[in-house]
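Turn these sequences into a full structure, and let the hints guide you.
2 protein chains.
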Amino acid sequence: MRTHYCGLVDETLIGRTVTLCGWADVARNLGGVCFIDLRDHEGIVQIVAEPDNPAYAVAAEVGYEDCLRVTGTVRARHSVNDRLRSGRVEVVAETIEVLNKAAPLPFHAHENPGEEIRLKYRYLDLRRPEMQRMMRTRIRLVQALRRWLDARGFQDIETPILTKATPEGARDFLVPARLHPGEFYALPQSPQLFKQILMVAGFDRYYQIARCFRDEALRADRQLEFTQLDMEFAWVSERDVQDTVETMIREVFREVIGVQLEDPFPRMTYAEAMRRFGSDKPDLRIDLELVDVAEQVKGCGFKVFADWADHVDGRVAALRAPGGASFSRKQIDECAAHVAKFGAKGLAWIRVDDLAKGREGINSPIAKFLDDATLSALLAATGARSGDLLFFGAGPYKVVCDFMGALRLKLGADLGRVEHAWRPLWVTDFPMFEWDEEQARYVALHHPFTAPAVDDIAELKANARTAVSRGYDMVLNGNEIGGGSIRIHRPDMQSAVFDLLGIGAEEAEAKFGFLLDALRYGAPPHGGIAFGIDRIAALMAGTDSIRDVIAFPKTTTAQCPMTGAPSPIPDEQLAELHIRPVPKG
Amino acid sequence: MRTHYCGLVDETLIGRTVTLCGWADVARNLGGVCFIDLRDHEGIVQIVAEPDNPAYAVAAEVGYEDCLRVTGTVRARHSVNDRLRSGRVEVVAETIEVLNKAAPLPFHAHENPGEEIRLKYRYLDLRRPEMQRMMRTRIRLVQALRRWLDARGFQDIETPILTKATPEGARDFLVPARLHPGEFYALPQSPQLFKQILMVAGFDRYYQIARCFRDEALRADRQLEFTQLDMEFAWVSERDVQDTVETMIREVFREVIGVQLEDPFPRMTYAEAMRRFGSDKPDLRIDLELVDVAEQVKGCGFKVFADWADHVDGRVAALRAPGGASFSRKQIDECAAHVAKFGAKGLAWIRVDDLAKGREGINSPIAKFLDDATLSALLAATGARSGDLLFFGAGPYKVVCDFMGALRLKLGADLGRVEHAWRPLWVTDFPMFEWDEEQARYVALHHPFTAPAVDDIAELKANARTAVSRGYDMVLNGNEIGGGSIRIHRPDMQSAVFDLLGIGAEEAEAKFGFLLDALRYGAPPHGGIAFGIDRIAALMAGTDSIRDVIAFPKTTTAQCPMTGAPSPIPDEQLAELHIRPVPKG
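Order-wise, the sequence lines are chains A and B. Each residue of the first sequence is one higher than the last, beginning at 1 in our numbering. Each residue of the second sequence is one higher than the last, beginning at 586 in our numbering.
Hints are not guaranteed to be accurate.
[As the list claims (entries may be wrong)] DSBU-like cross-link-like pairs, simulated, lysine-lysine; straight-line CA separation at most 30 Å:
1) A/303 with A/368
2) B/866 with B/983
3) B/930 with B/953
4) B/1046 with B/866
5) A/461 with B/686
6) B/930 with A/101
To be clear, the hints were calculated from the coordinates, so they are not data collected in a lab.
Right under this line is the structure:
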C-alpha cells in the first residue's frame, strides 16, 4: 500500500514519486495551498496540495487523525525544519485517498488529558510520539536481553499460567476448573518452582520473559500482572549468577540507552545498607547517610533517645540535611508527617543556625533535654555545620531504618541532592528469616526456597534468628530491579526450612510435595534471579510510572477503562464453573 | 563449579585436567575398575575410577541419577564410541563428589513409562535425551522466529492476560475480581482485539509469542493454554501478509531443521480444497483425491445416490483406494466405522477385482442397484483399475466432505501412500459465514472481525450466504499451522457484520464497543495472522503430540499430575473473592 515510511522521507528521494500512508497530524490552509503533516510510526512528513491539483479538494476536507494514503513527488522545502529527518523535503500530492475518516477526537494526539481518559482511549494515547518512544524503549530492552541470553545458551522455556495455588506471600488469582467442581487453578506469582524443576530436569540455564500475577492492593508502581525476566542456572554459586547478570545488565544499558554503568557494581551487605541508608534498596545518587548516635545519647535527658539507645533491638539515628536550616516550620512538619506514614512516632530535630555560638546558635524542641556534652557529641557525630538541619529518629531498629530511610529520600529530592547518574549496586547477606510478631513465627525474607549460608541443619536451627541467606538483590537508583538467590537443593534442608517457617510436614507435602520429590532425585545445586522488566523499562524511558511502558495497563482500581474489564458474568455461565457469586453486603 | 560440559569433552582436551558436573547415567564395575557415564545437557562422557585412587571408593557407591562433580584428567579411550562427541576420550577421576544422592527412581531416564507417570515425574522425563532434543527444537524455533521478526522491525508488545470476557467461539476461563464483587476478568482466547487496537494506535507491525486460553474439551492435540505467534500489520493487503510470513516460515524451517519448503507455496481456494480433498486443511502428501460423481449417478437405481445427486446442497463423491481390493471385509468395516465418526450414515464400496471382466470382475453390495451404464461411468470417472477399491459417500455437501476427507487420511496411512515430505499450502477465499442450523443464524467462519471480499455493505447483506472473506490459512501436511485475515477497519462495515451475525447494536456496544470506538478514530487498513507454536514445534520435532514440546502440559482431564493442579481452595479464600462453590450433584 505504500512505498516509504513518512518519517523516513529525506533528500535522497528528491524527484521521486512516493506513496505514503499515515494520519493527518495537522492540516492547514495557507495562502490557498493545503499543508498536511502526515504521521506514521517513523515520524512526520509535510504534504503539499496545490490548488491546481485534484488532490486539493480532498486535502481541503482533511481533519485531525484522518487515515490517508498520499501519492506525490518529493521536492526540497523552502522553510527547512531541522528537528525532523524529513524536514528538508515535502511531498507534492498528486492523489490523496481518505482510507478512514476520523470522528472528532476526545483529545488531541499531542495532549495528555489525564490517566482515566488516556486509558479509555488508549489507542489515541499510544499514538502520541512520547508514548511511542517509551514503548519502543521497552521493546528494545526486551530484544537486547533476549539477544544476549540466546547468544549464551540460555534456553527460553515457557511455564504454565494455569497452575497450582502455592502462596508465596501475595494473594493468588484463582480460576475455577470446569471439569473439576470445587477445584481451582491459580495464576503464578512467579515461575519460581517451575524454574527450579527445570534445573532438576537438566536444562542447565533457563530464562523466560514471564508474566506474573499478584492480587495485591495496587500502588502507583504495581499492576495485577507484571513481567519479569526470570532466570535460573544449574551448578552455580552466587558469584556465577551475579557476575553473569551484572554483565548482561551493563551491556543492555549501553546498547539500549547508551549508558555505561560502573564495572563492577559496588557490593553492600544488607546490614550495611540498613545502617547507612535505612533501606535494603539504597538510592546511592543521594549523598546523605544515617548516623548511629545511640552511644552519644545513652543516659541523656531525652527519655525516648535514652530508652531506645539501651534497647537491644533499638536504634537511634540521625540524618543531616545540609542547608536545611532554611526550612520553614511547615517544611519540617511535612517531614514529620512523611515519616509518620512509615511508622515514626515522632521526629526530633535540631536546627544549626550558627555552630560557633554553641547552644545559642541552635534551635530545637529537644535541646532543653540535652546537656552540653550530649549536644556537642551529637553535632560532632553528624558532622553538623552552620545552616544544617539535623533530624533524629528513635525506636525499634527496623522501624527507624524504614522512616529515616524514607526521610533520606525526601530530603534528597527536596534539597536537590539527587545526582543525575545511574548508581547500581548489589545488596547481599540478607537475613534468612524475619520474625513476624502478629503470626508469632518466622517468615522468609526472600522465599522459602532460598538457601541459608550455612550447610548444616543443626547450626541453622540453633541460630535461625541471625541466620544469613544466600539471597541477593540488584538495586538501581533506589529501585530493586532484580532479586535472586542460591536455592536449597537438598530435601532435608528444604524440610528443615519449612519446619522453621512453621510449615508442618503435612502442609509441606500438600503444597510443595512435588518440589521435595524433585529434590530427592538428584537435584543439582542451582540458583537464579528475576528482573522487573516493567520497572527497568520505566527507568530507561525516564518515566516514574510503569504504566507508561505497558500497552494496556490497569488503573489503581484494577480496571481497564478501555475494555471495561472486569465485568459481570451471567449466572448460567458461572454455574458451568460450579461457582455462584456471593451477594454484596 | 565446572570447567567444561560433559558432552563436549573431546580429543582437544587430552592431557588436561577438567572438572565436570552431571548425573550418573550408568555406573558399572568391570574387572575392578569403576566406569560412570556422566551426563549433562550437552551429552555424556565416560568417567573411570581406578582402584588405586581415592575416588574409587566414592565411585563404587554411585547410583543412577546421583548428582556428581568429578575432577580428573582426559585421556584417549581404548574402545572408541563413534556415536558420542566424547567417544574417543575418557576422564580418569581424581576426585568424585556426590553433590546430591538420588533416591531409587520410579523409572529410568531411558525408559518411557506412560504419560501419567511421565507427567508426575516430569523432571525425570525431561532429562531423557529424546525429550531434551524435542524441547530444544521448540526453543530454537521460537528463537529463529523472533530473530527474523526483530530484524524486520516487528515490535514485540505484550497484551493483557487479565482482560474482558469477549466470546470468540470457545469458553472463557474466568478470574473473580476481588475489588469488584460479582465481576470477573477473563483470560484471552487470543490477543485479537488488542492487536487490532495496536494497529489503530500506530504500532505498524506487531508480534507477540502469546499465551492463549480456551476452556474446551481436551483432545490429544489441545491444551487449556497454548502458545501462538501472533502478528498484525497496518496498511496491508492479504498478499503483503502472506508473502512476508511465507518467507519467514520457509527461512525458519531451513534454519531450525534444515528443510527447504517449496517457493512459493501452492495456493488453493476453500472450494477447491473441499472438492478435491474434503478438507480445508488438505494433507498434500497423500496423492488420493475425491471425485464428484453426482452426474454419473443422477437417476440411478441406488436411491441414496440418486436423491443426493439431485439435492441442491448434496454431494456424491468417490474415493479410489489403489490396491484396496486386497482389503479384508474387516478392513472395509473399519473404514465404515471410521467415517461414521465423522457423520456418515453409510459407506458404499465397489471392489474392482478385474476390470476386463466387467460386472463379473467387481464385487459390491450396491452393484445390483446400478445399471451397466452407471457402473461403467463410475469406473471411468474414478479412473479405477484392477485391484482397486472404490468408496462412495452421499449426503449433505459439508458432511460428505468431512467423512470422505477423513477416509482419505485413513486410506493414505493404511495404504502407505503418505509421501515423506513437507507439503505446505495457502487456503484462501473462505466463506464469510456458515449457517448454524441449531441457532438458526449465521456464525463467522473465522471470527467476526474478518473483512469480507466486497467493500459494499448492501452487496454483502444481499449475498451473505455466498459471501467470501479475506481470510487465509497456512496448512502444512494436513495441519492448519497458521490462520489470519484482513480485518474490518470501517466501523459501519463492522456493525453490518455484527448485525448479520445476529449481534444486536446493544450487545455489540456492550461487548465490542471499544473496538467500534477505535475504528471511528482513523483506524488504518490492517490484517494479520497467528501461528500455532506448539503444533509447528511438534511437527519439526517429529512427534504427534504437542505435549512433547511443552515443558509442563496438562493431561486430557485438564490436570497436572506433578503439582496437583487444579486443587480445592478454602472457603474463606473464596469468600474474599465474593464467590462460593456450588455443591456437587
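Hints versus structure:
{"no.": "1", "hint": "A/303 with A/368", "result": "12 Å, holds"}
{"no.": "2", "hint": "B/866 with B/983", "result": "14 Å, holds"}
{"no.": "3", "hint": "B/930 with B/953", "result": "20 Å, holds"}
{"no.": "4", "hint": "B/1046 with B/866", "result": "28 Å, holds"}
{"no.": "5", "hint": "A/461 with B/686", "result": "23 Å, holds"}
{"no.": "6", "hint": "B/930 with A/101", "result": "53 Å, violated"}
Checked against the numbered hints above, the structure breaks only hint 6 and satisfies the rest.
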